[in-house]
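J.: Full structure from sequences and hints, please.
Protein chains: 2
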Amino acid sequence: MDFGINNFFDTKHKNSKIGHYQDLEHIDGLSISTVSCGLYEKKRDDLVFFYFREGANYANVYTQSKLVSENIKWNKKIKEKKIFGILINTRNANAMTGKNGYNSLKNISTNLSKLLNEKQNSDEDFPKNIKPNQILFACTGTIGEKFPEVKILNNLNNLIEKIKYTQNKLIWIKAALGIMTTDTKPKLSMAECKIGNSEVKIYGIAKGSGMVYPNMATTLGFIFTDANISSSVLKQILNLNIKTTFNAITCDGDTSTNDMLTIFSTGKAHNKEIKNFKDPKIKQFVKSVHQVMLNLAKRVVSDGEGATKFITINCQNSKSEKDAKNICFSIANSPLVKTAITGEDPNWGRIAMAIGKSGASINVERLSISIGHYFILKNGKLVENYNEKNVSEYMKNENIEITVNLSNGSKHFTTYTMDLSKEYIDINSDYRS
Amino acid sequence: MDFGINNFFDTKHKNSKIGHYQDLEHIDGLSISTVSCGLYEKKRDDLVFFYFREGANYANVYTQSKLVSENIKWNKKIKEKKIFGILINTRNANAMTGKNGYNSLKNISTNLSKLLNEKQNSDEDFPKNIKPNQILFACTGTIGEKFPEVKILNNLNNLIEKIKYTQNKLIWIKAALGIMTTDTKPKLSMAECKIGNSEVKIYGIAKGSGMVYPNMATTLGFIFTDANISSSVLKQILNLNIKTTFNAITCDGDTSTNDMLTIFSTGKAHNKEIKNFKDPKIKQFVKSVHQVMLNLAKRVVSDGEGATKFITINCQNSKSEKDAKNICFSIANSPLVKTAITGEDPNWGRIAMAIGKSGASINVERLSISIGHYFILKNGKLVENYNEKNVSEYMKNENIEITVNLSNGSKHFTTYTMDLSKEYIDINSDYRS
Chain A
4 MDFGINNFFD TKHKNSKIGH YQDLEHIDGL SISTVSCGLY EKKRDDLVFF YFREGANYAN
64 VYTQSKLVSE NIKWNKKIKE KKIFGILINT RNANAMTGKN GYNSLKNIST NLSKLLNEKQ
124 NSDEDFPKNI KPNQILFACT GTIGEKFPEV KILNNLNNLI EKIKYTQNKL IWIKAALGIM
184 TTDTKPKLSM AECKIGNSEV KIYGIAKGSG MVYPNMATTL GFIFTDANIS SSVLKQILNL
244 NIKTTFNAIT CDGDTSTNDM LTIFSTGKAH NKEIKNFKDP KIKQFVKSVH QVMLNLAKRV
304 VSDGEGATKF ITINCQNSKS EKDAKNICFS IANSPLVKTA ITGEDPNWGR IAMAIGKSGA
364 SINVERLSIS IGHYFILKNG KLVENYNEKN VSEYMKNENI EITVNLSNGS KHFTTYTMDL
424 SKEYIDINSD YRS
Chain B
4 MDFGINNFFD TKHKNSKIGH YQDLEHIDGL SISTVSCGLY EKKRDDLVFF YFREGANYAN
64 VYTQSKLVSE NIKWNKKIKE KKIFGILINT RNANAMTGKN GYNSLKNIST NLSKLLNEKQ
124 NSDEDFPKNI KPNQILFACT GTIGEKFPEV KILNNLNNLI EKIKYTQNKL IWIKAALGIM
184 TTDTKPKLSM AECKIGNSEV KIYGIAKGSG MVYPNMATTL GFIFTDANIS SSVLKQILNL
244 NIKTTFNAIT CDGDTSTNDM LTIFSTGKAH NKEIKNFKDP KIKQFVKSVH QVMLNLAKRV
304 VSDGEGATKF ITINCQNSKS EKDAKNICFS IANSPLVKTA ITGEDPNWGR IAMAIGKSGA
364 SINVERLSIS IGHYFILKNG KLVENYNEKN VSEYMKNENI EITVNLSNGS KHFTTYTMDL
424 SKEYIDINSD YRS
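So the protein lines, in turn, are chains A and B.
Basically our numbering = 1-based index in the first sequence + 3.
Basically our numbering = 1-based index in the second sequence + 3.
Honestly, the hints are just simulated from the structure, not real lab data.
Possibly wrong hints are sitting among the right ones.
As the list makes no split between identical chains, a pair holds if one copy fits it or if it spans any two.
As the list claims (entries may be wrong) - Below, computed lysine-lysine pairings styled on DSSO-like, alpha-carbon distance capped at 30 Å: (1) K79 - K325; (2) K45 - K425; (3) K399 - K149; (4) K188 - K425; (5) K246 - K69.
T.: Here you go:
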C-alpha cells in the first residue's frame, strides 16, 4: 500500500522554491558499494558502504536507550574532524554482544581502512592515512546474537571492488534495499535548493518498520549533501529537524538499541563553508533537510509492520508542547485506538481515553476532537448534528487524521503512526523475525 | 484457557492459616440483585445491584485518567459515612456524556432510594431515609454514547423485586457475569480469616479484559466483607494492597476513564470495630484482602483480550522501586516482547530492548536476564552453556516467567500481563466491541 506517499512528492512539487523530488542521482565526493556476506539464508545484499574518498563532515543523533549496541558505542567515541565512510550491516544488531562485538568492529575497521589506504594510493590527490576510527558503523537486526565478524571480513575485498564512484537511481535503490530488515519497501528521498548562488543536493535513505519510537534518531537514516557545511552546523540542523520528523513518529512504542541518523556533507558544491548555524544563506537548506527527513520518517511509518492505514495526529492549543506531544503519542501508541482504526470504527471514546491517560493538563469543557474534517466533540460536548455514518465512511480512507484541540494554550504537536493489524502479529510472532 | 488459575487455589490452599478458597456463599448484611435492561442486543443481565439494608462502611480507589466518567464524578462527591448500595451497569461507560450523563445518575439514584425506603418500611429495624447520595455507581462499556437512563429507570422495580437477601454460589456467579463486557469468564475470589476470635469473610468479584493498566484501580473490582472495619481503615488497606495487585497488571497499556475498586464492610461479623490501621488484630485480614485482590487481578490478566499466555515479570535488585516498576512495565507493554511470546520465541534481545528504553538506571555488566529457570544473560554476558532449544521448549508453557536482575540495589517489583495475539486485534477492531 502507498498511503498517498506519492502525494508527498506532488504536494512539495508545487513549491518549486523549496526544491523538487526526483530519482536520486550523483553526489560529488560520495561513493557507494553493496555486497552480500550471506548473513541471511536467502541471498540478498546485507552490507552497504558509503565511502568519502576525500572525507566528509558529519553529525549523528542516536537512540536514547540505556542499552545501546556496540556500534553506537564505537561511533560515540569518534572525535575525528572528517569521516571517510560508514559501513552498514543488517541481520545482526551487534547489541548485547559485549566486548566481542566491539572488538569485531575494531578488526573490521582496521582491515577496511588498510584496504582503503591501498586503494587511495592509486590517486595522489586523496588522503592516504584513513584511520580505523574514521569509519562509522550502523548495525540493525537481531539483538544478542554473535556478531558475524568473519563473514564481513571475508567480504571486504569484494566490497572495495564493487565501489561505484558515480551514483544513479539504481545504486541508490540497491543501497536502500541493502539496509532493509522487515521493511517491505526501500525508503529514499531528495531535495535540492540553493545556498547563495550554489545549487546543492540533499539525498537520504532510511530503514525501519518496527521498534520505531521517538525521542531519538529512530530507525536508521543516512542523509548526504554536497553542500559545504561544518560538522557543528550539521549537528544543529539535525537537532532542530529531528523533533518534528524522526522524533514525531511511532509504530509500536518500542525503542531500538541501535537507532541512528547521520548526515554527511562532502563539501563539493561551490558554496563557501557554512560555519554559523544562524547564517541566513542556509535558511532554505535547513528547510530542505527537514523536508527530506520528514519524507523519510513518513515512509518509515507508512511501511510500519502490518500497516493498513497512515495516521496523522494533531494536538492543538495546549498549555505546553510537552502536553501536546504526550497527547499525540498517547493516542498514537494506544492499541485500542490503533485497532479501532484497523476496524474502520470511528470509536472516538478510545481517543478520549488516550487523552485522559496522557497526564496532560485538560479542561474538558474546552476539549474538541475531530476525525478528518468532522467535528465530533466541540468544547466538551458531542456536536448536535453529529452523524456517525459520515465518519464511518471517512474511516475507509488509507490516510486518517485525528485532531485534538485543548483550547487552553498556544502550543501544538503533530505525530505520525500506523494502525495495528493482524499482520503486525504475524510478522513479530514469527520466530526470530 | 486457564493459565493454571486453578493452581492459585491449590497454592494458596496449602496455607490454611491465610484462609481457603471455595464457592462464594452468604455475607451477612449484603443483598444482591441482577436484571437485564436490554442494553445489549442479545439478552443478558446488564444491571447488578449490591444492597446493604443496614448500610456499610466503604472505601474506593479510582482511575488516574484526567477524563473520568460521570459515575466516578458522582462517587467522588459522596461524603456520607454509610453507603446503602452500588449499582453497576455494563454496555455504556457514561463517559464523555457531560451533564446529561451526570443528571441520569441523579434521577436513577433518586428513584432507587425512594423504592428502597418504601421497601425498608416493611421492616422497622432498618433505616428508612436512604438518600440518593448513599448509592454508588459503577459503569463500564462504550465511551461517548448517550447513557441509557430510561431503560435503567424502567427496570428499577424489577431490580428491587429480584433482590436476594441470602447469597449462594449461583447468585455470585450471576453477579460476576452481569458486570462483564468483553470478559470471557466471570472473576470471583474469596478468603476467610480471623480478627481476634471472630471468623470473617472476604469475597470479591471483578471484570476487565482490556484497557487494563496500572497506577489506579484498573478494571472494576468489588470486595465485600462482614468484618467490622471503619471506612478510613478500609481505605488504608486498599491503598496498601493495590500497588502490588491491580496496579501491577497490564494488558495493553491502556487506561480506562471508569476504573474503580471498592471495598464494603457490613460489620456483621462479631469483631469489635477496627478503627486503627495499625491494630495488630487485622494483620491477617490485610493479607487476606491482598490475596483476594491479587487473585482477581491475575484473573483479569489471564482473561486479557486474546491472551494465550499468562506472563509474570520480575525485576530484582534495582536502585529504586520506580526503576523496577518501569522495567517491568516496559517489558510488559512492549508489543515486540508480547508478540515474541505469542510466537513462543525466546527472543531475549527484545527484553533487553525494553529494559533499555525504560529509562531505568542500569549497569550492563551487572545485568542478568532469565526466562523460566534458564539464565540467558549473567552479568551482561550470554551464559556459556546457553542452549536456546531448552528455552524454546519452555516457551510452549502457558505460564511464562521473565526475571531481570539489575544487581545495583535492593528494590524489586513484579508485574503480570498477557501476550498479544491476533485475537486481540479481532476483538478490538470489531466495530464498537
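J.: Each of the hints needs a verdict: does it hold here or not?
T.: Checked hints:
no.: 1; hint: K79 - K325; result: both (28 Å within a copy, 29 Å between copies)
no.: 2; hint: K45 - K425; result: both (25 Å within a copy, 28 Å between copies)
no.: 3; hint: K399 - K149; result: between (45 Å within a copy, 25 Å between copies)
no.: 4; hint: K188 - K425; result: both (19 Å within a copy, 24 Å between copies)
no.: 5; hint: K246 - K69; result: both (20 Å within a copy, 26 Å between copies)
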